[in-house]
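Trainee: Could you build all of it, start to finish, from the sequences and the hints given here?
2 protein chains.
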Amino acid sequence: MKKRVLISDIAKALGISVTTVSFILNDKAKEKRISDAMTKRVLDYVKKVGYKPNQLAKSLRTGQTKILGLLVEDIANPFFSNVAKYIERQAYDAGYHIIYCSMNNDGQKAKELIQMFMDRQVDGFIITPSEGLEDTIANIRQNNIPVVLFDRYIPTVDTHYVVSDNKKGAYEATKHLLENENKRVGLISLYSNQTQMRDRLEGYMQAMDEFQLQSYIKKLQLGAPEQDAKDQILEFIVDNKMDAVLFSTNYLAVSGLKALKEHRIPLPRMAAFDEHTLFKLHDPSITVVSQNIEQLTKELIQTLVADIAGRSKELRKITIPCELIIRESSIVTLPEQIS
Amino acid sequence: MKKRVLISDIAKALGISVTTVSFILNDKAKEKRISDAMTKRVLDYVKKVGYKPNQLAKSLRTGQTKILGLLVEDIANPFFSNVAKYIERQAYDAGYHIIYCSMNNDGQKAKELIQMFMDRQVDGFIITPSEGLEDTIANIRQNNIPVVLFDRYIPTVDTHYVVSDNKKGAYEATKHLLENENKRVGLISLYSNQTQMRDRLEGYMQAMDEFQLQSYIKKLQLGAPEQDAKDQILEFIVDNKMDAVLFSTNYLAVSGLKALKEHRIPLPRMAAFDEHTLFKLHDPSITVVSQNIEQLTKELIQTLVADIAGRSKELRKITIPCELIIRESSIVTLPEQIS
DNA sequence: ATGAAAGCGCTAACAC
DNA sequence: GTGTTAGCGCTTTCAT
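Those protein sequence lines, which keep their order, are chains G and S.
1 is the number of the first residue of the first sequence in full-length UniProt numbering; add one for each residue after it.
1 is the number of the first residue of the second sequence in full-length UniProt numbering; add one for each residue after it.
Treat the hints with caution; some may be incorrect.
Each pair may be met inside one copy or between any two copies, as identical chains are not told apart.
Below, simulated DSSO-like cross-link-like pairs (lysine-lysine); rule was C-alpha separation at most 30 Å, straight line [stated by the list, open to error]:
| # | residue 1 | residue 2 |
| --- | --- | --- |
| 1 | LYS66 | LYS30 |
| 2 | LYS3 | LYS168 |
| 3 | LYS109 | LYS32 |
| 4 | LYS32 | LYS66 |
| 5 | LYS28 | LYS175 |
| 6 | LYS66 | LYS52 |
| 7 | LYS40 | LYS183 |
| 8 | LYS175 | LYS66 |
| 9 | LYS40 | LYS109 |
| 10 | LYS230 | LYS280 |
| 11 | LYS3 | LYS58 |
| 12 | LYS52 | LYS109 |
These are computed hints drawn from the structure, not numbers from a lab.
Mentor: Next up, the structure:
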């Protein structure tokens, strides 16, 4: 095991002080008016011996870890894993690293995780807040640590957030479903007060009201066993003779498709929130309300980095439009008849 | 912003020394024979003021960060995001946190990332090594940092690894395809020398040889644009009039399905490596060689944690069996005729 | 049984 | 321009 070279080793080897080396290493050579010759000599030597600063010591001293804490609902959900991928790349480009965790709707675990991230002195937080996290997030703010909420926000806590325009997305999807000669259009969602779920519900309602049609709303328990979800979705669709259904999350739609397939029941017209590889390739392919992950994450990182740098005077509350991607599942024409 | 309470604040408030507090906090009260009364007094006070040690300072001092570096090929691939989910949970249970990155087949980025993780003093590495990482991984070993390779390994570098029995998996899948009256059975894989790809190829070959049939092997460029992959897969299947095909990764199979669907070409019998939500719900559902993610990750973390604790005398090279999950896509009977 | 103090590796205020 | 040194918050040796 080769010994790590320290800044003091460099100073000693070159017969100069650690300060000079430190200044040069931190791009303060010009500012401190260190001679170009010295600067070059140090830089060359540093490269030669492959010196790498100990980030821990640096962080302890500066109070900056260059690490961001990312808390997502479930990393195994393709929506969130894609988000993670983009965030990681954008953070990397901005010189940050990510520590992440899935919360899996476990409020207690979420709290612990956030505390641990704070103990680790993360420079900032990116959180998809589950319910009951008001206090914890308020606590982060009190400790003056930058936070950006994502995918949903907490109305009672004033923070930055970046979310999609869920209401408009749900409205347009529902309207699209209604325009295709469907009367009995239902919504399958969750017992949840999270803003994105509320907004999707509102969007659905607005469209139903506009068409003056009765609404059919089925809510499922968050984190319930999938079999329960499947049973209830099936019952809802069959009993109500649904013409069309909007699913408020991709995994609810997946459960629905599983249930329908298992019982060989023909699909109602349908649409779902959030893209999924399955939806493009399913037969029929599934219409979705797609969130613009690239733009969402870009705004997210920008907002967070600006806050960390102290460059943000005010809270940024950003809403990004969704895109309705119409596929076979929502249109009346049979798949075979499409051009 | 409330000021963080330090260990010295506690000592001062209680009129004792930091040493005593530190001993008590690190469960060395008994060992150092500190009185129970004192211990209780300190613990109570600590709880009351909500003292949380600064992990950075602790790490700087002890050299232990309790952070593991996880480098996966692509976090957006459901196989890897599931792996990440399990690893994170297991690591958490063992008192570790994860910093992760996707390498996206970018060797240069991978090297940088590994270096940055080393600068961050991670306690250990979990890596799905892409090609050309021999030196970097050897370098980690030289620095005496525990590493476990995963999903594939590097034959020329002696490390722990945990992989699936890819050869047997491919062999069984191919044999299954052959037993269903298919003669022209092809393999769609990648130009890659990674062990998992080589093993899958070998398994396919072994089955073909056993049946004394000509093999059809199509390799695609790693990281090529999806359109190219789609075109080439289509051409391979059509030109060779394939009866059946084994895809060596889930995303190759997804590309294949897309291509076939777009051109309305009937599916050959098929099977793919690695589970995917799509495969269960596709019509027909897709037969897969499924890796046992739970067991893989469990062995992984056990091995890594044991090494970090200095409890591992020798290198562990673990191979976990795959499971062939037979679905509609690989059997001759038409979906409609299944019970 | 408890405390003083060194030191982990780095940055930066201050000195010259 | 460059060097000396305190100090980030903690653990742990050594002294008492």
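Trainee: Would you mind marking each hint as holding or not holding in the structure?
Mentor: Quick rundown of the hints versus the structure:
1. Taking the closest pair of Cα atoms, LYS66 and LYS30 come within 30 Å of each other only inside a single copy of the chain (24 Å); across copies the shortest separation is 38 Å, beyond that limit.
2. Proximity of LYS3 and LYS168 under a CA criterion of 30 Å is satisfied in neither setting, with 59 Å inside one chain copy and 43 Å between copies.
3. When the C-alpha separation of LYS109 and LYS32 is checked against a cutoff of 30 Å, the pair qualifies neither within a copy, at 47 Å, nor between copies, at 33 Å.
4. Taking CA atoms no more than 30 Å apart as the test, LYS32 paired with LYS66 passes inside one copy only; the shortest distance there is 25 Å, against 37 Å between copies.
5. For the homomeric pair LYS28 and LYS175, neither the shortest alpha-carbon distance inside one copy (59 Å) nor that between copies (66 Å) is at most 30 Å.
6. For the homomeric pair LYS66 and LYS52, the shortest alpha-carbon distances inside one copy (16 Å) and between copies (20 Å) are both at most 30 Å.
7. With identical chains, the CA atoms of LYS40 and LYS183 are never at most 30 Å apart, being 76 Å at best within one copy and 68 Å at best between copies.
8. Neither within a single protomer nor between protomers do LYS175 and LYS66 lie at most 30 Å apart by alpha-carbon distance, with minima of 45 Å and 51 Å respectively.
9. In this homomeric assembly, LYS40 and LYS109 come within 30 Å of each other (Cα to Cα) only across copies, at 27 Å, whereas the closest approach inside a single copy is 50 Å.
10. For the homomeric pair LYS230 and LYS280, the shortest alpha-carbon distances inside one copy (21 Å) and between copies (15 Å) are both at most 30 Å.
11. Both within a single protomer and between protomers do LYS3 and LYS58 lie at most 30 Å apart by alpha-carbon distance, with minima of 19 Å and 21 Å respectively.
12. Only between protomers do LYS52 and LYS109 lie at most 30 Å apart by alpha-carbon distance; the minimum there is 17 Å, versus 35 Å within a single protomer.
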